[in-house]
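Residue numbers (the numbering used here): 250 to 602.
Calculated from the structure, these hints are not laboratory results.
Note that this is a predicted model, so its numbers are computed, not measured.
It cannot be assumed that every hint is accurate.
In silico PhoX-like links for lysine-lysine, alpha-carbon gap of 25 Å or less [what the hints assert, rightly or not]:
no., residue 1, residue 2
1, 366, 384
2, 535, 521
3, 521, 441
4, 441, 366
5, 441, 384
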Amino acid sequence: MKRETKVGMVWAAVIVAACGAMVGCDGGGGNFRAQDVKGMDRAQASMSGGGNTATSANMAANQPSVAMSPTVGIVNGEVLTLEQMRPYLMEAGGVVAVEEIAMDRVLRQQFADAGLKLTSGEISAEEGKLIEALKEAAGDDLARGEELLLRVRAARGLGPTRYAALLERNAMLRRMVAGEVTITADQLEQGKQVRFGPRYRGRVLVTRSEREASAARGQVVAMGTVQGMREKMSELAAQSTLTSSSYPGGVTEPISAADTAYPGSLRTVIAKMQPGDLSPVIALDKAFAVFFLEEVLPGNPNPSARDVEEVRRTLQNASERIAMERKARQVMEAAGVNVVEPGLRWTWENRPR
């Protein structure tokens with residue numbers, strides 16, 4: 250069972266056109282793929298003092314004069330020029346830049362072909378949606394939401410240019426999928442159960458095998474008292490790499506039995522438990538778990554109309570983000586990208602897919 254932080258989950262959803270929806274753009278959570286690196290040794294040799302002198306001379310002849318290149322800054326008392334940085338920039342961020350520019354161009358063309366026009370208000374509204382989503386993740390604290398937005402922008406390198414482009418892309422995508430998203434009565438009811446229904450807080454232990462989970466459960470049961478079981482769960486969770494990375498001490502955030510972000514097998518079990526109960530071994534996707542229930546937090550059986558409307562709006566935004574991501578992928582598939590700059594071409598051809 251894997252749990253992401255609320256902020257990470259929100260940002261991954263709302264930033265659909267910045268990275269995650271683009272072919273080959275790894276936001277940091279993708280799986281590592283071995284790439285074909287044949288020829289790397291030869292390439293490195295040509296760049297070193299022991300390389301082919303004719304090749305080195307040709308490369309030097311093709312490089313613009315460093316003296317003519319704009320100055321970026323001073324490093325250790327020496328001028329750092331844009332030309333000196335160019336190959337590093339191409340390899341470090343060139344792929345993302347190409348993808349974002351390609352997305353912008355194709356999306357604007359499709360937007361215009363559809364006879365659509367974007368207003369400044371729609372672009373501004375996108376920033377409001379980001380702050381609102383982050384505010385919710387921060388416990389309904391507006392100031393905290395704005396702070397998180399700045400932190401995420403800094404972490405993702407979203408300066409004035411890229412951030413403005415992101416807001417424009419999301420605004421166009423949202424307009425293009427308008428009308429595709431409808432919240433059904435069943436979806437609204439489930440959303441109400443997640444928001445206003447009871448929630449279950451406890452400790453979880455995740456293992457790779459059923460035998461490990463069963464053995465751990467036996468150790469917990471042997472403690473005999475509720476306090477002893479709680480302490481043993483915490484001890485075993487700290488020893489488990491599968492558990493400790495996501496659930497320090499095994500402690501979970503309150504879980505709704507209606508929240509499909511959690512495995513159905515876990516939700517079915519905890520909905521039948523009482524505080525102090527220890528679950529049987531629960532089969533998860535490629536893992537097993539034992540859950541100790543500490544507390545049931547009561548829900549709100551009579552939410553106000555305003556609260557229900559807020560749930561509907563949240564569901565609408567989430568469904569729109571899914572549709573926007575789907576549209577973004579379609580846009581990228583329509584973008585014909587042919588990278589010819591040598592350094593960037595190597596990075597482009599070997600990007601994660």
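To see whether the hints hold, each was checked on the structure:
1. 366 - 384: This hinted pair is violated, its Cα atoms lying about 30 Å apart.
2. 535 - 521: holds, 24 Å
3. 521 - 441: holds, 20 Å
4. 441 - 366: Given pair residue 441, residue 366 is violated - Cα atoms ~35 Å apart, limit 25 Å.
5. 441 - 384: holds, 19 Å
Going through the hint list in order, the structure does not satisfy hints 1 and 4.
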